[in-house]
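We have chain A; now place chains B, C and D onto it with these hints.
4 protein chains.
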Amino acid sequence: MTDLSSENHFQPINLFEYEQLAKKYLSQMAVDYYSSGAGDEVTLRDNRAAFERIKLRPRMLVDVSDRNLTTSILGQPLQLPLLIAPMAFQCLAHPQGEVATAQAAALAGVGMILSTMATKSIEEVASVAHQNNAVQWFQLYIHKDRGLTRTLVERAYAAGYKALCLTVDAPVLGQRERDKRNEFALPPGLHLANLATISQLDICHEQGESGLFTYFAQQLNPAVTWRDLEWLQSICPLPLVLKGILRADDASRAVEYGAKAIIVSNHGGRQLDGAIASLDALPEIIAAIDGKIEVLIDGGIRRGTDILKALAIGAQAVLIGRPVLWGLAVGGQAGVSHIISLLEDELNIAMSLSGCTQLQDIDFSLVKSINI
Amino acid sequence: MTDLSSENHFQPINLFEYEQLAKKYLSQMAVDYYSSGAGDEVTLRDNRAAFERIKLRPRMLVDVSDRNLTTSILGQPLQLPLLIAPMAFQCLAHPQGEVATAQAAALAGVGMILSTMATKSIEEVASVAHQNNAVQWFQLYIHKDRGLTRTLVERAYAAGYKALCLTVDAPVLGQRERDKRNEFALPPGLHLANLATISQLDICHEQGESGLFTYFAQQLNPAVTWRDLEWLQSICPLPLVLKGILRADDASRAVEYGAKAIIVSNHGGRQLDGAIASLDALPEIIAAIDGKIEVLIDGGIRRGTDILKALAIGAQAVLIGRPVLWGLAVGGQAGVSHIISLLEDELNIAMSLSGCTQLQDIDFSLVKSINI
Amino acid sequence: MTDLSSENHFQPINLFEYEQLAKKYLSQMAVDYYSSGAGDEVTLRDNRAAFERIKLRPRMLVDVSDRNLTTSILGQPLQLPLLIAPMAFQCLAHPQGEVATAQAAALAGVGMILSTMATKSIEEVASVAHQNNAVQWFQLYIHKDRGLTRTLVERAYAAGYKALCLTVDAPVLGQRERDKRNEFALPPGLHLANLATISQLDICHEQGESGLFTYFAQQLNPAVTWRDLEWLQSICPLPLVLKGILRADDASRAVEYGAKAIIVSNHGGRQLDGAIASLDALPEIIAAIDGKIEVLIDGGIRRGTDILKALAIGAQAVLIGRPVLWGLAVGGQAGVSHIISLLEDELNIAMSLSGCTQLQDIDFSLVKSINI
Amino acid sequence: MTDLSSENHFQPINLFEYEQLAKKYLSQMAVDYYSSGAGDEVTLRDNRAAFERIKLRPRMLVDVSDRNLTTSILGQPLQLPLLIAPMAFQCLAHPQGEVATAQAAALAGVGMILSTMATKSIEEVASVAHQNNAVQWFQLYIHKDRGLTRTLVERAYAAGYKALCLTVDAPVLGQRERDKRNEFALPPGLHLANLATISQLDICHEQGESGLFTYFAQQLNPAVTWRDLEWLQSICPLPLVLKGILRADDASRAVEYGAKAIIVSNHGGRQLDGAIASLDALPEIIAAIDGKIEVLIDGGIRRGTDILKALAIGAQAVLIGRPVLWGLAVGGQAGVSHIISLLEDELNIAMSLSGCTQLQDIDFSLVKSINI
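Residue numbers (the UniProt record's numbering), protein chains in the order written: chain A, 1 to 372; chain B, 1 to 372; chain C, 1 to 372; chain D, 1 to 372.
Bound-form chain A, shown alone (with noise of 0.2 angstroms):
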């Protein structure tokens, strides 16, 4: 950790130069876990190549001198299109963890998904919402253990989060093979900490295997089908978003099951390798939900520029993940806010240069795929 604004320390002017001082905070455990994708990781490296495919064509001689970049997801007010992603074990990258995450997402007014394999409690993350009125959704992943989901579902509406976000592209974990040959496992000290206290629950750390592996094949349901959300929106009044949707018919099947968003994602490419990247998911998703519910995005997203591709496509927003771990690593709370505020410039000006003033300005004629 570091203090951002001291004279002295080299500061990062974009979310590349953060990815690279993250890794002399972090160990070489935390980097692989935090970078790596599963197999060859070519769906990582196709995530962020899908951008550049996609080149933009600016429209001139608008007044863009006020610029709104407010928007509001499920009715949510957002001061940006963006939230970020919910993440595992953020305690690795910082000791306040994902209550630093969320300070900084509420000072921004972006929004916050809190995973299930957070290292901070709902309830003390939550505590930082209440007083921004912030936006916090529950990520959720479903626990064989029914009572044990159903548990966690009313900790989360209690504490006040505002939406349900299941992750439904991991009925087993991918093949991250860099936490395999680390035989990956939280640290001393560091705990899941909602699933820990109900049910003894933690990563251990076991030979060979990689202690989330373990934890997944143990702990999570492969089984929850389209029919287990009419449950799921049975125990808790919360709008629901269903993460990892990469198929036109899966998002209409979100739709008819009740889904109030989906967020089009392959999981960072931590989930199955070769999977499309999300970007080019995105067009046949847009025609398939034809406007009937709201569109999310992650996976590569790095710059402000890439933001506009995604709602130029079609997305209302996006999501951000590993690059507000390098802002943690970096300065813990202030660190996330130089992300957001990195990502808020760069949009801002991608905006201003391509003669958009809202959000809604930035249609499907801003875009070009041209094949290289």
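None of these hints come from the bench; they were simulated from the model.
Warning: the hint list may mix true and false statements.
Where chains are identical, the list cannot tell them apart; a pair therefore holds if satisfied intra-copy or between any two copies.
Straight-line distance between alpha carbons at most 30 angstroms, and here's what the computed DSS-like set of lysine-lysine pairs gives [what the hints assert, rightly or not]: (1) K292 / K180; (2) K144 / K260; (3) K180 / K24; (4) K23 / K180; (5) K292 / K368; (6) K292 / K24; (7) K144 / K162.
Then chains B, C and D, alone, in the frame of chain A:
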């Protein structure tokens, strides 16, 4: 050969790591023979690249708690849609050679195709199959000496092999320049186990040529045509499989001439350099065959997701070649077993993450070609 | 500055060699300012790559013993279809700065566009033109201070500039990270020659920001729209040229609002990173303009064949930017003259080898896009 | 020059190895002259890449025990569909120069095209042909001096050359920067064997220019048009072949003006950089010619499979250039013979592996373009 269970040894966790490790156990001549392709190795590289060009469109919220990977090819049951490709000279990799491979295949319930150019006898390899009711096929090169060819076929039939796999893409040997440079020949003590005994044939060391090239030129018959399939079927009741088809019209002809299955293959890039990647040839062949006989494929398969892609395009099963040799070199039968179990695990995960519980669920909608 | 005629010096023979050599004559801050693009420099690279994606289909057996490279733009005669793009701060490259550039342009009979941000005065640069009847245009940024803007325009008109070139792609400054890192500012002794005198405006050194960024934010007007073109045309009878158009609809609007020419440009990749390569934007714009006004292009032009490609797609002339600065840095006016003459020689050869004797012969059939 | 049969020497086994080895036998100026292309060498590289973009679809189970590689071009019999391209200054590579090349060609039964810029005389090279009834053509540059041109043509006819090959893509010399840098000129003792004797023409060393560039500018006629083909045909009964056609309309015009064959060529990437790869130009030309005259191709052919690809797309034969020079440099006539025999062996293998026993079997269905 190494004790794979020892903690002192590096344990590969995927097939690429096996390739790296195997090179420490093999002579340069053997590494070159196994790993090289013909000419400039364009097809060798493209076989792999073709898999990376295909992207997956996984299906979510399917109950994948139970997966069934079994299938049958030619009515013969397999635990996985996987066969071990016919490969010559396996004793170059390990003293137990083809016998170790056969043991691993039989234990795992995958198919094995024994090469005419084996360094263990037809009968010795077959003996491994009996206790497991394993699926073993015999790969045939038709020699100029028809009597010799007939003897091989009869021995294979008598020994219990369940199909004849005729290699059709090698009327002459491909231009393998590393073998030419090395003047490749079998080291002392290794023999063409099935040919040396009946006709004193062997791969001799002859200056300025690879021994294998000389063998092909002198012994194998470049005059074999579709009509010869009738003769082959007349001397043996085993189902006939053609290996090396790369065009729709040849695939249709295979049906017409009585083949019961075909293997889409470019011989691992070892015959005609510049030949189309086998995965790129698959779609037109699937369309031409239209379900009349079974279609298998080899070339570049290194991951469970590769198997998923091949099956999604329409193959019933896949063959792996070189990775088996790397497993054999590193650990004999145990190494091959590990290779198979890595692929099985990966296919299991890939199916789970794609919403497939049985091989029939792997449909064409799972794949998409993205031009990069 | 070097004596280009001396035998002791390395004499560049193409524009790329000038770029390499120039770096020895410039401070790192100047090299960074001149050579960098916005963000990840994707557009900067793609401008160049777009030219390499276009292949030529030369025509043979045409009598090319005489070639005529002359043209006229806005009725103003040019010896080559070439203008020097407006570029700020040319005294960073050479003490004679914009004056040396203007001398070289006038001598060669190519156009020159003087930047608002020039380090030599409007009148001093204009004095070079009079003896040669040279084509000089004045590039304009509309300042928030309309009086200041009007003063600039009136001075340019009085000094004899023959067109106003309004830059429309810079309502705010692009995100040029190397300048940000360097805290770019003009070195002592250099001034905004036309602004410092009338309103004490200058590019100051301000910590953590580039001086240019601050200037843009404080002085330039991001509220300019199409309607402001009427005002501009009302205060000055010079023909209006819009620089920075990248879309067909904006091109049509330019015609509608009275522009006499447009320049297809992404500001050398310095404004919106990810913007389409200017050559890739050209075809739709040529189609939309349909001959109503003239279309010029800049971005990535380094070879005579690049000019040929741009003209074949439909541009009437091209602008070059950075190479002029490299010439200026290496040899002042003589360096710029050499840059121009290298391009003239190359265009001469390219036309000869394509069967073109005059610019009108350069038709669309000369180009073909090959997907690689 | 080396004894190719000696065991002490490294014996190349393909054309790429010859290129590497040849560089040890040549001056840097000669290597640069032979290997370089014009400008940025984009076309030079693309000529090769175009072949790698084409994939082969081999046909199986054809009796390929006998292959017939013979063909005839202009009714003149060739043992292979191969000619040696006209190349200047072969004595730079070996003292026997064009004579050694002609001997190798005659021995192998492939064609040879003697360059106007030869360093051995028309008559001396022709004397090699007589004992073998070899196919020799004379390549012509039309000089400004028509009398000189006529003398060259008449000498070629008298000496027994069987076709006139007019190079049409060189009205001026391409921009070969390595030659410019080297101030390329013939070393002492080498002469333009056919021009020096009749008009004292030679390639002098002139400062700051390549000697060849000066020669072209002073002696060759950039005014030659289609109508001049009538004059050429009127002074010589030999069939006329046009070398350097890259467009369908020029190909049609060639037929109209009486050419008996064309060579699709971009002069090995040495004239117009950015010109389409010759293989990419071939399909439209084959369609336009529609069998009326014969079509040959050069540019990037280094493998037997390249010949197969060119013939599959519709060429009747191919030319090789630079590889002959590498062979010449390494071993004189023996080196060229080896180059030819390597290609013959490779074509033999490629045809065998594709199911082709004669050149007519090489049809369009053998190739497929795969976008990567």
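Do the hints match the structure? See the list:
Taking the shortest alpha-carbon separations for K292 and K180, neither the intra-copy value of 41 angstroms nor the inter-copy value of 43 angstroms comes in at or below 30 angstroms. In this assembly of identical chains, the alpha carbons of K144 and K260 lie at most 30 angstroms apart only when taken from the same copy (25 angstroms versus 45 angstroms across copies). Taking identical chains as interchangeable, the C-alpha atoms of K180 and K24 lie at most 30 angstroms apart whether they share a chain (22 angstroms) or sit on different chains (23 angstroms). Proximity of K23 to K180 under the C-alpha cut-off of 30 angstroms is found in both arrangements, the shortest distances being 20 angstroms within a copy and 23 angstroms between copies.
Taking the closest pair of Cα atoms, K292 and K368 come within 30 angstroms of each other both inside a single copy (25 angstroms) and across two copies (26 angstroms). For a Cα distance limit of 30 angstroms, the shortest separation of K292 from K24 qualifies neither inside one copy, at 45 angstroms, nor across copies, at 59 angstroms. In this assembly of identical chains, the alpha carbons of K144 and K162 lie at most 30 angstroms apart only when taken from the same copy (24 angstroms versus 44 angstroms across copies).
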